[in-house]
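**Q** Below, each chain spelled out in residue letters.
2 protein chains.
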Amino acid sequence: MEVGTLEVKEISQAVIGRLPRYLRYLGELKDEGVERISSQELSELMQVTASQIRQDFNNFGGFGQQGYGYNVEYLYQEIGKILGLDRTHNFIIVGAGNLGRALGNYMNFERRGFLFRGIFDNNPQLVGQNVRGIQVMPMEQLEDFVRDNDIDIAVLAIPKSSAVEVADRLAQNGIRAIWNFAHVDLHMPEGIQVENVHLSDSLMKLSYNINRYMTENEM
Amino acid sequence: MEVGTLEVKEISQAVIGRLPRYLRYLGELKDEGVERISSQELSELMQVTASQIRQDFNNFGGFGQQGYGYNVEYLYQEIGKILGLDRTHNFIIVGAGNLGRALGNYMNFERRGFLFRGIFDNNPQLVGQNVRGIQVMPMEQLEDFVRDNDIDIAVLAIPKSSAVEVADRLAQNGIRAIWNFAHVDLHMPEGIQVENVHLSDSLMKLSYNINRYMTENEM
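First to last, the sequence lines map onto chains V and L.
Quick note, the first sequence lines up with residues 509 to 727 if you use my numbering.
Quick note, the second sequence lines up with residues 509 to 727 if you use my numbering.
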């Protein structure tokens with residue numbers, strides 16, 4: 509029988525990268541009370557092709573589109589499960605400067621099951637300060653804290669000069685993932701997931717598009 | 509004659525999105541005093557294929573690889589010019605919460621020619637506060653300020669509930685680009701460039717990769 513074949517399929521990071529956006533739109537539809545949606549309607553809403561949507565969803569068995577479109581609630585739940593949002597993840601922030609504090613104060617992460625557990629800095633003037641009810645700890649406590657508090661994710665909001673060293677210390681103490689805002693690409697041992705967020709890169713892309721538009725339209 | 513044909517080629521956003529990363533690595537090589545580099549060496553350093561590098565560079569005429577590899581300084585300058593980094597861009601920030609202040613205080617943008625000119629908030633308690641020498645202004649002054657100060661880029665660090673309305677006000681007053689951190693996709697009129705930065709999306713991708721690794725290796 510073909511039915512029910514269990515298969516671990518290699519799914520591209522490009523597909524994974526699009527899932528949160530589907531989730532966001534489905535969450536809004538759900539909030540608006542929409543119960544079903546066709547791939548064509550979702551396509552118009554999200555400004556991607558319906559064939560892209562079907563291809564993406566087929567990676568996960570298609571989510572049972574039947575009759576008129578997808579069940580919004582079911583699709584929302586399933587995509588959430590694929591993204592691991594049915595579990596909680598403890599995270600810490602390394603770096604209590606402006607960016608670190610901004611990330612610590614961002615409540616939306618909590619709604620998605622990402623729980624803010626600790627924040628660290630090597631600046632004595634920042635140690636002891638309060639970020640959403642949590643006191644900034646000195647860097648000396650990093651290793652013990654990660655081991656003792658079941659920390660999955662470390663957010664690096666520190667300069668690139670110290671990012672590689674701190675990432676190594678975290679890796680040696682059982683961190684599962686690094687969300688890296690330092691301006692350097694981190695290459696970690698297998699089993700430690702890394703997501704690099706280089707904000708300047710995104711700003712440069714914007715700069716390119718401004719200049720391209722000006723060159724084509726205003727000269 | 510074929511030589512010197514001027515052609516405006518449509519370059520994919522994926523290629524453009526990779527240019528800042530090339531620039532970052534070339535800047536580091538330059539700082540280390542490296543003068544020439546082959547596509548093979550650059551490939552190993554950046555962990556992308558040499559053929560990818562050559563294909564990307566061929567979009568811009570190939571940057572004259574001759575004999576042993578590329579001239580690092582030349583390549584760095586040329587990619588910077590393509591990204592429009594030889595010009596300056598004035599930017600404002602809408603939203604003076606933690607994220608807005610973090611972005612205002614981030615000095616690296618200035619080094620790339622992005623000049624922080626103003627910051628706005630509708631919270632009277634934030635108005636008048638100081639962010640890197642600039643006082644937070646009330647939202648009522650937004651339109652006049654954008655028109656009078658040659659502002660190219662607006663950074664939206666506000667909740668999604670107000671992002672669409674604020675983006676429209678900016679569009680009507682001559683903004684060229686929006687760097688959007690609000691958790692909603694903005695679709696602006698032609699000629700206004702948008703770069704959406706959805707931080708939660710990136711965190712969810714990380715969550716997927718943690719769970720996938722755990723499922724495959726620890727069960």
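Treat the hints with care, as some may be off.
Identical chains blur together in the list; that is why a pair holds if it fits in one copy or across any two.
[Said to hold, decoys possible] Computed list of lysine-lysine pairs in DSS-like fashion (alpha-carbon distance at most 25 Å, straight line): (1) Lys538 - Lys589; (2) Lys589 - Lys713; (3) Lys538 - Lys713.
For the record, the hints were derived by calculation from the structure and aren't laboratory data.
Quantities reported herein were computed from a predicted structural model and do not represent experimental measurements.
**Q** Compare the structure with each hint and give your call.
**A** Each hint, compared with the structure:
1. Lys538 - Lys589: within (16 Å within a copy, 45 Å between copies)
2. Lys589 - Lys713: between (32 Å within a copy, 12 Å between copies)
3. Lys538 - Lys713: For Lys538 and Lys713, the Cα distance is within 25 Å only across copies (22 Å; inside one copy 33 Å).
Comparing the model with each earlier hint shows no violations; every hint is respected.
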